[in-house]
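Residue-level listing of the chains:
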Amino acid sequence: DTEVTQTPKHLVMGMTNKKSLKCEQHMGHRAMYWYKQKAKKPPELMFVYSYEKLSINESVPSRFSPECPNSSLLNLHLHALQPEDSALYLCASSPAGRDYGYTFGSGTRLTVV
Amino acid sequence: EDKVVQSPLSLVVHEGDTVTLNCSYEVTNFRSLLWYKQEKKAPTFLFMLTSSGIEKKSGRLSSILDKKELFSILNITATQTGDSAVYLCAVDKIQGAQKLVFGQGTRLTINP
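Listed in order, the protein sequences are those of chains V and H. Numbering of the first sequence is given in my numbering, commencing with residue 1 and proceeding in unit increments. Numbering of the second sequence is given in my numbering, commencing with residue 1 and proceeding in unit increments.
Hints are computed from structural coordinates only; laboratory data are not their basis. As the structure is a computational prediction, the values presented were derived from the model and not from experiment. Backbone N, C-alpha and C fix where the C-beta goes; we use that ideal spot for every residue, glycine too. Fair warning: there could be bad hints in the mix.
Said to hold, decoys possible - Some chain H residues close to chain V (C-beta under 10 Å, calculated; not the full set):
hint, residue
1, Y36
2, K40
3, A42
4, K67
5, L70
6, F71
7, A90
8, D92
9, R107
Turn these sequences into a full structure, and let the hints steer you where they fit.
Here's what the structure looks like:
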């Protein structure tokens, strides 16, 4: 298995909703990432987990809450989002040494209404 | 501040043409430079470059890194309509934790 799987592929949520994005990989990668990508912009790093511990939080608002339950799973919990949070959310993983680069999932396209 | 700049931002060519995409960078603690192709969703990994002057090739695509002048190029020969995509350049840094710094991307359109 050489993929990063993200669910759901599309999500529409209201500003008062609570939802979660899921990411899964079975490549034995020990680093996992959340990126946010707005239309026609490059991906921007949000969070990095290394060996299931949060190692980077790029000053992301607390309405985004990451969780890494085990080495294969990464979640992003969403609460009280704003319309400007609408974007493509990409998950990625890499071996700890990053000698083979990063593998990205197909993303969840999130729309906040 | 770390910076990765790609040029051109947009390029339209005819099928069969050869294109060269550019990526220059100014980052501290450089580790490697990566090229990705993004069509609709997931960026797809193309190349990772760590050493200067060593060309990496995959079919019609090739890339090379110049660590002295701080740039990389991505060449695509005999372009096909399926090459139409956004090509992203990113720099990986040596630091306590991993962080990719992306350029703005080059939107390549191949017309039949």
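Cross-check of the supplied hints:
For Y36 (chain H), the interface hint holds, since its Cβ comes within 10 Å of a Cβ in chain V; the closest pair sits about 8 Å apart. About 8 Å separates the beta-carbon of K40 (chain H) from the nearest beta-carbon of chain V, less than 10 Å, and the hint is met. Taken as an interface hint, A42 (chain H) checks out: its beta carbon lies about 4 Å from the nearest beta carbon of chain V, inside 10 Å. Using the Cβ-Cβ criterion of 10 Å, the hint placing K67 (chain H) at the interface with chain V is not satisfied: the shortest such distance is roughly 18 Å.
With a cut of 10 Å, the hint placing L70 (chain H) at the interface with chain V is violated, because the nearest CB-to-CB distance is about 18 Å. Among the interface hints, the one on F71 (chain H) is violated; its C-beta lies about 17 Å from the nearest C-beta in chain V, farther than the 10 Å criterion. Interface hint at A90 (chain H): satisfied, since its Cβ lies 8 Å from the closest Cβ of chain V, which is below the 10 Å cut-off. For D92 (chain H), the interface hint holds, since its Cβ comes within 10 Å of a Cβ in chain V; the closest pair sits about 6 Å apart.
Interface hint status for R107 (chain H): upheld, as the beta-carbon distance to the closest one in chain V is roughly 8 Å, under 10 Å.
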